[in-house]
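Student: Here are the chains, one letter per residue:
2 protein chains.
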Amino acid sequence: MDAVASLNKVTQKNAEQRQATLTKPAGSLGVLERLAIQFAAWQGNDQPQLDKVHISIFAADHGVAEEGVSVFPQVVTGEMVKNFVRGGAAISVLAQHHQATLEIIDVGVKDFPEMEGVIRARAGNASNNIVEEDAMTEAQLQLALEAGREAAERANVSNAQLFIGGEMGIANTTSATAIACALLGVSDAAELTGAGTGLDKVGIKHKSAIVGAILDRYKKELAQQGFEGDNQVLHLLRMVGGFEIVALVGAYMRSAQLGIPVLVDGFITTAAALVAIKINEKIKPWMLFSHCSAESGHAKILSTLDVKSLVDFDMRLGEASGAAVVIPLIQQALALHNNMATFAEAEVSK
Amino acid sequence: MDAVASLNKVTQKNAEQRQATLTKPAGSLGVLERLAIQFAAWQGNDQPQLDKVHISIFAADHGVAEEGVSVFPQVVTGEMVKNFVRGGAAISVLAQHHQATLEIIDVGVKDFPEMEGVIRARAGNASNNIVEEDAMTEAQLQLALEAGREAAERANVSNAQLFIGGEMGIANTTSATAIACALLGVSDAAELTGAGTGLDKVGIKHKSAIVGAILDRYKKELAQQGFEGDNQVLHLLRMVGGFEIVALVGAYMRSAQLGIPVLVDGFITTAAALVAIKINEKIKPWMLFSHCSAESGHAKILSTLDVKSLVDFDMRLGEASGAAVVIPLIQQALALHNNMATFAEAEVSK
Numbered sequence: 001m002d003a004v005a006s007l008n009k010v011t012q013k014n015a016e017q018r019q020a021t022l023t024k025p026a027g028s029l030g031v032l033e034r035l036a037i038q039f040a041a042w043q044g045n046d047q048p049q050l051d052k053v054h055i056s057i058f059a060a061d062h063g064v065a066e067e068g069v070s071v072f073p074q075v076v077t078g079e080m081v082k083n084f085v086r087g088g089a090a091i092s093v094l095a096q097h098h099q100a101t102l103e104i105i106d107v108g109v110k111d112f113p114e115m116e117g118v119i120r121a122r123a124g125n126a127s128n129n130i131v132e133e134d135a136m137t138e139a140q141l142q143l144a145l146e147a148g149r150e151a152a153e154r155a156n157v158s159n160a161q162l163f164i165g166g167e168m169g170i171a172n173t174t175s176a177t178a179i180a181c182a183l184l185g186v187s188d189a190a191e192l193t194g195a196g197t198g199l200d201k202v203g204i205k206h207k208s209a210i211v212g213a214i215l216d217r218y219k220k221e222l223a224q225q226g227f228e229g230d231n232q233v234l235h236l237l238r239m240v241g242g243f244e245i246v247a248l249v250g251a252y253m254r255s256a257q258l259g260i261p262v263l264v265d266g267f268i269t270t271a272a273a274l275v276a277i278k279i280n281e282k283i284k285p286w287m288l289f290s291h292c293s294a295e296s297g298h299a300k301i302l303s304t305l306d307v308k309s310l311v312d313f314d315m316r317l318g319e320a321s322g323a324a325v326v327i328p329l330i331q332q333a334l335a336l337h338n339n340m341a342t343f344a345e346a347e348v349s350k
Numbered sequence: 001m002d003a004v005a006s007l008n009k010v011t012q013k014n015a016e017q018r019q020a021t022l023t024k025p026a027g028s029l030g031v032l033e034r035l036a037i038q039f040a041a042w043q044g045n046d047q048p049q050l051d052k053v054h055i056s057i058f059a060a061d062h063g064v065a066e067e068g069v070s071v072f073p074q075v076v077t078g079e080m081v082k083n084f085v086r087g088g089a090a091i092s093v094l095a096q097h098h099q100a101t102l103e104i105i106d107v108g109v110k111d112f113p114e115m116e117g118v119i120r121a122r123a124g125n126a127s128n129n130i131v132e133e134d135a136m137t138e139a140q141l142q143l144a145l146e147a148g149r150e151a152a153e154r155a156n157v158s159n160a161q162l163f164i165g166g167e168m169g170i171a172n173t174t175s176a177t178a179i180a181c182a183l184l185g186v187s188d189a190a191e192l193t194g195a196g197t198g199l200d201k202v203g204i205k206h207k208s209a210i211v212g213a214i215l216d217r218y219k220k221e222l223a224q225q226g227f228e229g230d231n232q233v234l235h236l237l238r239m240v241g242g243f244e245i246v247a248l249v250g251a252y253m254r255s256a257q258l259g260i261p262v263l264v265d266g267f268i269t270t271a272a273a274l275v276a277i278k279i280n281e282k283i284k285p286w287m288l289f290s291h292c293s294a295e296s297g298h299a300k301i302l303s304t305l306d307v308k309s310l311v312d313f314d315m316r317l318g319e320a321s322g323a324a325v326v327i328p329l330i331q332q333a334l335a336l337h338n339n340m341a342t343f344a345e346a347e348v349s350k
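Sequences listed follow chains A and B, in order. Take the first sequence: its position 261, counting from 1, is numbered 261 in my numbering, and each next residue is one higher. Take the second sequence: its position 138, counting from 1, is numbered 138 in my numbering, and each next residue is one higher.
FYI, nobody ran anything at the bench for these hints, they're computed from the structure. A hint or two may mislead.
Since copy identity is lost for identical chains, a pair holds within one copy or between any two.
Said to hold, decoys possible - Quick list of in silico lysine to any residue cross-link-like pairs, SDA-like style, CA-CA up to 20 Å:
| no. | residue 1 | residue 2 |
| --- | --- | --- |
| 1 | K219 | T11 |
| 2 | K82 | K350 |
| 3 | K201 | P25 |
| 4 | K308 | V31 |
| 5 | K300 | V186 |
| 6 | K308 | A294 |
| 7 | K52 | H97 |
| 8 | K82 | K282 |
| 9 | K282 | A195 |
| 10 | K52 | S158 |
| 11 | K278 | A213 |
| 12 | K350 | E16 |
| 13 | K282 | D306 |
| 14 | K82 | P25 |
If you're wondering where the values come from, they're calculated on a predicted model, not measured in any experiment.
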């Protein structure tokens, strides 16, 4: 595996020093100061810029949808992929608003045809129903990881300064919840199971039971086979992950190797980030967590990772929308860092 | 007094209905949905826009600065006014970033000369030291209120869709803290006294004692004279307010009359908002609270007003910077509202 890129400590230090000279009380720009310093370290640039954002949405279907864990039918995954391409979805509007690159990658949408505007990198035709069997084969796992890595490579080729991964896949909070429970050592699935796209109490209880059944199957196999370390994490991913979640893991890992900071979106992408960090903890310093979603398990993963999201807007849409919303926050942080006058320049008493 | 403008319930309803038809799970855009609906109600427009933001920074000096309640010398108020005009301050950078109108109004900066780019509306030459005497005369109070109202009038003439008030004035958190204590019925000044621009523990303790002395003088006079209702609030403002805080109150009140929504900034502006709401509670529905600052009393005023700020970035700079930072959040909310496809348009199953 390639090494994760290093942060530039020199430009980080320079940015810290510059912040202390700008015409404001020290520390008074709070989060905005920390963002500017972080980008200086990532970019190796005393005056970091953010005008090229790369957004990759990975879409796939989930066999577990047949267990009735979502309020939307499975066909919506493919319908939304078309909506992404035609510009009608939330992320389409936000990407255009920010003039960001938006690419849609089919990593396993059920019966989805070739379509202009959709990158075809299918690891399968929907993952299997993870209550009953493993989500995918080892070969499919590798295909999905590669689909993610390729997205990061494309971001790199276009000199993107930020990578945002998003997902679309009816029933994928079920898969993400199972992953989170397994990696966080949460034995009661109800603790992390949320409403997804809008389940009521009864629906959440049913979904929680399904996640419990998935975990039971996983634990049983784990006890029999006894995987360790990285292999255990990848095995979990193969057993209960969806293709889009696996692709996100691959994209995050490759971004960190290429030195492209990652802005993590909501619950599902944070579960993917957790997987990537479990595989290699050096990836974590390349990640920025955008928002804390209304999905109940999200805050728990964030606190386990000991990270704080930038905003909390009560969002729960996925498709990278929560990450896209904080792009202007970063841009403002950098504009302030680069363009404010120093005390000396402005002749202001310090 | 002119009546506060009404919200348009028809366009509000239309916006609510439109949100329910957009291609996303109902409610999944959280705060962004609520912002779009709020702006539809304010603008009387089903498809609200935000491209004209008016930012007015009111600057004034405070006699109480001589009590050593700030880490910066009084001369910094005027120096920062020059920095605003020359484009080097945080709010200058943010206003330019957003192509917002930025105006600087001298309502009483000590010994400040006429200067191109600074609107001269001086109610006095710094307010008095409020530990010893009333901040200003009744005539000065009226002048400062009028300076604020005139800013709102200018915003209205230029068809601004949002009014942001900001302030600059060394020692003005002392004045704002005294106002907040009086209006919230907090008898222990320490409960609301914060670090301002960066006091240490000893400095905060001293400042807290100064605020306590101000409150003692206020209460004593109140007991003797027994003002009631509006008069009591205006009397408080005259006794302990700074010119810029009074101007903010005037600007907020006039904005609500003119039907221009107000985006409130940090601790000092929220104290001014509290005063305006105490004078006329109908002003409150025209206010949006941008951020919760690191100044310790801010959260307390927000909770007393029963409002939630949009973000919490640990900022404590003032000069409207916290409000300016959330402009893009509103713009994104409106872009999503206006440009997303409906389920019918996108042929997505609901």
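Student: Next step is simple, just say for each hint if it's right about the structure.
Tutor: Against the structure, the hints:
| no. | hint | result |
| --- | --- | --- |
| 1 | K219 with T11 | neither (46 Å within a copy, 54 Å between copies) |
| 2 | K82 with K350 | between (56 Å within a copy, 15 Å between copies) |
| 3 | K201 with P25 | between (48 Å within a copy, 16 Å between copies) |
| 4 | K308 with V31 | both (11 Å within a copy, 19 Å between copies) |
| 5 | K300 with V186 | within (10 Å within a copy, 36 Å between copies) |
| 6 | K308 with A294 | both (15 Å within a copy, 16 Å between copies) |
| 7 | K52 with H97 | both (13 Å within a copy, 17 Å between copies) |
| 8 | K82 with K282 | neither (36 Å within a copy, 46 Å between copies) |
| 9 | K282 with A195 | neither (32 Å within a copy, 37 Å between copies) |
| 10 | K52 with S158 | within (8 Å within a copy, 33 Å between copies) |
| 11 | K278 with A213 | neither (23 Å within a copy, 56 Å between copies) |
| 12 | K350 with E16 | within (17 Å within a copy, 50 Å between copies) |
| 13 | K282 with D306 | within (14 Å within a copy, 43 Å between copies) |
| 14 | K82 with P25 | between (49 Å within a copy, 17 Å between copies) |
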